[in-house]
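As a plain string of letters, each chain reads:
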Amino acid sequence: GILHGHEKLPELQSGNCSVLNCRIILEINMASGQQWVLVEMVQAFYEAPAYHLILEGILILWIIRLLFSKTYKLHETYKLTEKEKEDLIEEWQPEPLAPPVSKDHLHLNYDLVTGPPSHKIILNGKECINFASFNFLGLLDHERVKEKALASLKKYGVGTCGPRGFYGTFDVHLELESRLAKFMKAEEAIIYSYGFATIASAIPAYSKRGDIIFVDEAACFSIQKGLQASRSFIKYFKHNDMDDLERLLKEQELEDQKNPRKARVIRKFIVVEGLYINTADICPLPELVNLKYKYKVRIFLEESMSFGVLGEHGRGVTEHYGVNIDDIDLISANMENAVASVGGFCCGRSFVIDHQRLSGQGYCFSASLPPMLAAAAIEALNIMEEDPDIFTVLREKCKHVYKALQGTTGLKLVGEPFAPALHLQLERSSGSRDSDMQLLRTIVDYCLERHVALTLARYLEKEERFLPPPSIRVVVTIKQEKEDIQRAVSCIKEAASVILK
Amino acid sequence: GFRVAAVRSSLGLLHTLYFLVCHVAQVHAASHHDSQYNRPFLESFEETPMLVAVLTYMGYGILTIFGYLRDFLRHWKIERCHIAREKEEQRDFVPLYQDFENFYTRNLYMRIRDNWNRPICSVPGAKVDLMERTSRDYNWTFEYTGRVVLDVINLGSYNYLGFAENTGPCADSAAEITMKYGVGVASTRQEIGNLDRHEELEKLVAKFLGVESAMVFGMGFATNSMNIPALTGKGCLILSDELNHASLVLGARLSGSTIRVFKHNNMQSLEKLLRDAIVHGQPRTHRPWKKILIVVEGIYSMEGSIVRLPEVIDLKKRYRAYLYLDEAHSIGALGSRGRGVVDYFGLDPCDVDVLMGTFTKSFGAAGGYIAGKWLIEYLRSHSHSAVYATSMSPPVVEQIITSMKCIMGEDGTTIGCDRVRKLAENTVYFRRRLREMGFIIYGNEDSPVVPMMLYMPAKIGAFGREMLKRNIGVVVVGFPATPIIESRARFCISAAHTKEMLDRALSVISEVGDLLQLKYSRRRIQPSLSLPCDDIVFEDIDD
Numbered sequence: 006g007i008l009h010g011h012e013k014l015p016e017l018q019s020g021n022c023s024v025l026n027c028r029i030i031l032e033i034n035m036a037s038g039q040q041w042v043l044v045e046m047v048q049a050f051y052e053a054p055a056y057h058l059i060l061e062g063i064l065i066l067w068i069i070r071l072l073f074s075k076t077y078k079l080h081e082t083y084k085l086t087e088k089e090k091e092d093l094i095e096e097w098q099p100e101p102l103a104p105p106v107s108k109d110h111l112h113l114n115y116d117l118v119t120g121p122p123s124h125k126i127i128l129n130g131k132e133c134i135n136f137a138s139f140n141f142l143g144l145l146d147h148e149r150v151k152e153k154a155l156a157s158l159k160k161y162g163v164g165t166c167g168p169r170g171f172y173g174t175f176d177v178h179l180e181l182e183s184r185l186a187k188f189m190k191a192e193e194a195i196i197y198s199y200g201f202a203t204i205a206s207a208i209p210a211y212s213k214r215g216d217i218i219f220v221d222e223a224a225c226f227s228i229q230k231g232l233q234a235s236r237s238f239i240k241y242f243k244h245n246d247m248d249d250l251e252r253l254l255k256e257q258e259l260e261d262q263k264n265p266r267k268a269r270v271i272r273k274f275i276v277v278e279g280l281y282i283n284t285a286d287i288c289p290l291p292e293l294v295n296l297k298y299k300y301k302v303r304i305f306l307e308e309s310m311s312f313g314v315l316g317e318h319g320r321g322v323t324e325h326y327g328v329n330i331d332d333i334d335l336i337s338a339n340m341e342n343a344v345a346s347v348g349g350f351c352c353g354r355s356f357v358i359d360h361q362r363l364s365g366q367g368y369c370f371s372a373s374l375p376p377m378l379a380a381a382a383i384e385a386l387n388i389m390e391e392d393p394d395i396f397t398v399l400r401e402k403c404k405h406v407y408k409a410l411q412g413t414t415g416l417k418l419v420g421e422p423f424a425p426a427l428h429l430q431l432e433r434s435s436g437s438r439d440s441d442m443q444l445l446r447t448i449v450d451y452c453l454e455r456h457v458a459l460t461l462a463r464y465l466e467k468e469e470r471f472l473p474p475p476s477i478r479v480v481v482t483i484k485q486e487k488e489d490i491q492r493a494v495s496c497i498k499e500a501a502s503v504i505l506k
Numbered sequence: 002g003f004r005v006a007a008v009r010s011s012l013g014l015l016h017t018l019y020f021l022v023c024h025v026a027q028v029h030a031a032s033h034h035d036s037q038y039n040r041p042f043l044e045s046f047e048e049t050p051m052l053v054a055v056l057t058y059m060g061y062g063i064l065t066i067f068g069y070l071r072d073f074l075r076h077w078k079i080e081r082c083h084i085a086r087e088k089e090e091q092r093d094f095v096p097l098y099q100d101f102e103n104f105y106t107r108n109l110y111m112r113i114r115d116n117w118n119r120p121i122c123s124v125p126g127a128k129v130d131l132m133e134r135t136s137r138d139y140n141w142t143f144e145y146t147g148r149v150v151l152d153v154i155n156l157g158s159y160n161y162l163g164f165a166e167n168t169g170p171c172a173d174s175a176a177e178i179t180m181k182y183g184v185g186v187a188s189t190r191q192e193i194g195n196l197d198r199h200e201e202l203e204k205l206v207a208k209f210l211g212v213e214s215a216m217v218f219g220m221g222f223a224t225n226s227m228n229i230p231a232l233t234g235k236g237c238l239i240l241s242d243e244l245n246h247a248s249l250v251l252g253a254r255l256s257g258s259t260i261r262v263f264k265h266n267n268m269q270s271l272e273k274l275l276r277d278a279i280v281h282g283q284p285r286t287h288r289p290w291k292k293i294l295i296v297v298e299g300i301y302s303m304e305g306s307i308v309r310l311p312e313v314i315d316l317k318k319r320y321r322a323y324l325y326l327d328e329a330h331s332i333g334a335l336g337s338r339g340r341g342v343v344d345y346f347g348l349d350p351c352d353v354d355v356l357m358g359t360f361t362k363s364f365g366a367a368g369g370y371i372a373g374k375w376l377i378e379y380l381r382s383h384s385h386s387a388v389y390a391t392s393m394s395p396p397v398v399e400q401i402i403t404s405m406k407c408i409m410g411e412d413g414t415t416i417g418c419d420r421v422r423k424l425a426e427n428t429v430y431f432r433r434r435l436r437e438m439g440f441i442i443y444g445n446e447d448s449p450v451v452p453m454m455l456y457m458p459a460k461i462g463a464f465g466r467e468m469l470k471r472n473i474g475v476v477v478v479g480f481p482a483t484p485i486i487e488s489r490a491r492f493c494i495s496a497a498h499t500k501e502m503l504d505r506a507l508s509v510i511s512e513v514g515d516l517l518q519l520k521y522s523r524r525r526i527q528p529s530l531s532l533p534c535d536d537i538v539f540e541d542i543d544d
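First to last, the sequence lines map onto chains A and B.
Going from the first sequence to my numbering is simple: count from 1 and add 5.
Going from the second sequence to my numbering is simple: count from 1 and add 1.
If you are wondering where the hints come from, they were derived from the structure by calculation, not from laboratory data.
Misleading hints may appear alongside valid ones.
[To be verified] Stretch-level coverage of chain B by chain A, calculated; a stretch enters the list once three of its residues show a Cβ under 8 Å from a Cβ in chain A:
| hint | segment |
| --- | --- |
| 1 | 309 to 322 |
| 2 | 331 to 339 |
| 3 | 375 to 385 |
[To be verified] To give a feel for the contact side, a few chain B residues facing chain A, derived at Cβ under 7 Å:
| hint | residue |
| --- | --- |
| 4 | A85 |
| 5 | F94 |
| 6 | I113 |
| 7 | D115 |
| 8 | N118 |
| 9 | P125 |
| 10 | A127 |
| 11 | A366 |
Heads up, the beta-carbon is just placed ideally off N, CA and C, and yes, glycines get one too.
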């Protein structure tokens with residue numbers, strides 16, 4: 006390099022060299038005599054022709070630009086041409102909107118009920134005793150309820166033609182709300198036009214993104230949908246396992262201590278059912294209330310199966326345990342089981358409930374409950390209030406059925422003795438869910454032949470968070486006499502011994 | 002004499018010219034939609050006047066400042082606080098509501114709360130009886146005086162075909178079924194709540210719509226929110242109109258699909274999303290979408306607009322997407338045969354993959370349906386509603402069967418047909434008169450949902466109250482149901498409205514409109530007295 010440099014020196018002296026060359030030489034001669042070169046450089050600069058300088062200037066700018074501009078864009082080369090796009094669009098084949106269902110799909114062929122679905126029911130053309138509808142108090146075809154519904158129909162017609170906000174609030178709705186509140190001894194109640202939508206709307210009205218909900222694994226599907234709509238963090242605890250719940254609460258408490266600022270805005274809820282529809286057992290409410298105050302978590306209680314069933318006056322789990330209703334932040338239930346009408350309600354303190362009137366989606370954005378159905382519910386409440394004995398009668402019948410169904414070959418009875426909707430599960434699974442279902446279906450059909458109406462508990466197998474095992478529902482109502490129960494039980498036992506051996 | 006005649010003839014000429022210009026403009030406007038429309042598709046959304054917009058923002062500004070001031074006073078216990086309080090033992094819990102969450106309710110909504118939830122005590126028909134209520138604490142609580150405000154003209158209920166009745170064939174058959182069946186079912190469709198009446202209704206709905214099969218559900222809201230998740234899931238794309246109803250939004254969200262939103266009724270926006278979706282596939286993985294579902298409504302209940310269905314169908318066919326059409330407001334209310342928006346455009350119902358609608362409105366009942374080819378069997382086995390929700394109440398089913406048969410003329414009368422026609426006439430008449438008065442009216446010429454712009458927050462309450470004073474019940478809506486400056490009143494026209502009722506309502510609206518200075522429109526429209534009124538169209542198309 007040195008030799009090469011020296012060769013260039015004469016050029017420099019002649020003043021024809023470029024500024025760039027000067028630089029190279031500058032570096033080479035750094036050691037020998039810096040000052041001299043600098044002088045030479047300035048001299049060269051003066052002497053260089055203008056075009057040369059301009060060219061050099063452009064080159065320098067170019068280098069700067071290269072240094073600071075990003076590397077060339079890779080994705081530009083990926084950009085699709087219109088033709089390629091058209092081809093892609095042409096190629097794309099969507100899946101069918103609804104996959105074909107095999108004709109013999111168990112869930113496709115519904116049992117057909119002709120006439121009213123009351124105590125005596127005509128199922129697939131056979132007159133049966135109903136052990137499948139949640140008509141616990143037999144109010145579905147109660148004359149008084151029907152009369153009141155009819156009177157309401159004659160006054161208001163059927164539909165409400167609007168949501169509650171826009172002329173869809175009827176005097177009957179206000180009456181039903183205050184009656185429900187009075188019945189439950191709560192401050193306020195709010196009604197929904199669809200049982201399923203009640204808890205599913207109530208949960209997301211309070212619990213938002215970032216909040217935490219502790220839920221029992223056996224929670225029913227409408228709770229699951231409410232959780233999903235809320236977009237909160239969901240923590241499942243083992244069914245009715247208070248230790249597991251406390252473990253989760255403790256974990257959360259530790260988490261909160263780490264980040265107290267965040268903890269101050271994260272709401273926490275426990276969502277449980279009174280009587281679980283999927284397992285027919287009861288939640289340990291007093292312990293839950295203890296945990297609530299210990300860990301400062303609010304409790305939402307779903308009582309569709311226990312409202313109008315448990316407690317001396319049918320007020321549900323709170324009354325059953327003697328828990329103060331004010332300790333539960335929100336109670337929701339549908340009016341489709343014991344009340345045998347349509348719709349649902351939430352009740353609790355006004356501070357909590359009133360919020361739903363602007364935030365409960367199923368309340369705000371849906372047409373209100375047809376007044377005749379509200380009138381029917383009011384009359385059902387009247388009957389329940391006038392004669393609280395019906396709850397005792399129902400409980401006796403439940404216990405009777407529970408006892409009678411013990412010791413059925415191959416079937417195990419799941420649930421509490423006082424639960425009106427029990428499950429009969431296979432003691433030994435045949436291995437696949439489908440064949441279990443078929444087996445149970447054969448038992449149901451066997452009973453149907455002998456005029457006892459039963460049904461399989463239905464679930465969306467792919468959608469359930471924790472899919473309950475296949476089962477036959479056995480529903481107790483006060484309309485069932487001793488003989489009816491006797492017949493049904495012996496029928497089931499017979500079927501089980503024939504089919505399950 | 003000659004002079005007058007000349008003036009007249011020149012006026013006539015002007016009219017004719019105006020008329021021609023209008024028509025030419027329309028024809029021109031319609032032609033770029035490939036003449037897919039059998040009649041001019043006229044929708045207008047007149048721009049908010051600048052001054053009005055500024056004043057509206059100022060109005061909200063003042064309300065907000067006062068809101069903060071009053072919150073401050075409440076905080077220091079200078080002003081009495083009416084809000085329900087948290088229980089003493091739970092004061093140290095994380096607050097159930099964030100403070101700002103209820104700011105709007107406390108300080109804006111509460112002032113005009115008396116315009117909503119007005120309780121009624123009669124059939125929600127053309128006229129309705131209201132329970133009189135007063136408030137002594139500025140709407141925090143209401144007291145019922147026990148008096149009834151009789152015969153309020155009802156422009157609020159969605160009683161499009163006037164089937165909200167307590168006498169007549171529908172009520173009679175519903176009454177009969179009530180006594181025979183009772184009102185409850187106490188089981189789900191899949192378990193033991195599948196009544197013969199349900200199956201009959203489903204067959205009838207399919208026949209009514211002209212498709213293979215249908216399924217009915219107990220609640221309109223839930224029909225959307227519980228069935229969309231059965232149809233789409235992860236790896237699917239839902240393209241949803243920005244103004245879609247809450248139930249559709251919820252359903253889409255529950256489905257777990259990716260949701261993209263296109264501009265309201267804007268086909269360019271929809272097409273761009275479709276193209277991009279297919280070309281680029283799913284985000285990050287770039288796998289192709291499993292399926293694409295376009296979700297639109299027939300009539301948009303806050304805008305009064307009608308979906309550009311022919312173009313949507315064109316797009317969905319071109320890009321092999323599926324179409325979910327929510328006819329909550331349009332079924333019964335549109336089309337010469339009352340079959341909804343499909344009928345209105347004269348299209349084949351089989352071109353829509355999922356036809357959804359509700360029974361709450363035109364049929365005067367409750368619940369909803371989904372109809373189509375192929376998919377019903379799948380829904381029967383996979384719909385959330387069929388598995389977990391109590392099935393429809395028998396008298397409600399009966400009301401739908403009877404009213405639907407009436408619309409179809411299967412009852413041997415022309416009552417249904419007449420009502421459909423009457424609704425169309427009422428709609429055109431009412432909209433035309435309002436526009437002539439100088440109000441800004443949104444939406445489609447033929448939509449029985451008529452939004453009239455109020456803009457300013459103070460006018461929301463004032464309009465509702467002034468109308469009620471004059472015995473007319475209207476719905477007023479503001480933020481958050483509408484964009485913040487686009488508060489509006491909404492009239493729902495019914496076939497049950499007589500010409501006298503509409504005229505009375507119109508003259509009152511005009512009077513209150515003058516009082517509150519609501520005649521914002523800057524489009525000068527000649528009153529149509531000297532012109533034949535049937536075939537005049539005053540609007541250009543605003544895209």
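Structure-based check of all given hints:
As drawn, the segment 309 to 322 of chain B meets chain A at 3 residues by the rule of a beta-carbon pair under 8 Å; at three or more, the given contact holds. Figure legend: the segment 331 to 339 of chain B, annotated as covered by chain A; annotation inconsistent (0 residues with Cβ-Cβ distances under 8 Å, at least 3 required). Figure legend: the segment 375 to 385 of chain B, annotated as covered by chain A; annotation consistent (9 residues with Cβ-Cβ distances under 8 Å, at least 3 required). Interface restraint check: A85(B) against chain A, minimum CB-CB distance 4 Å, threshold 7 Å, status holds.
For F94(B), the shortest C-beta to C-beta distance to chain A is roughly 5 Å, which falls under 7 Å, so the interface hint holds. Hint on I113(B) is violated. Least Cβ distance to chain A is approximately 12 Å, over the 7 Å limit. Contact between D115(B) and chain A, as hinted, is not supported at the beta carbon level, the nearest pair being about 12 Å apart and thus beyond 7 Å. Proximity of N118(B) to chain A holds as hinted, the smallest CB-CB distance being about 5 Å (cut-off 7 Å).
Contact between P125(B) and chain A, as hinted, is supported at the beta carbon level, the nearest pair being about 5 Å apart and thus within 7 Å. Checking A127(B) against chain A: minimum C-beta separation of about 11 Å lies over 7 Å; hint violated. The interface hint given for A366(B) holds, since its Cβ lies 5 Å from the closest Cβ of chain A, which is under the 7 Å cut-off.
Hints 2, 6, 7, 10 from the earlier list are contradicted by this structure; the remaining hints agree with it.
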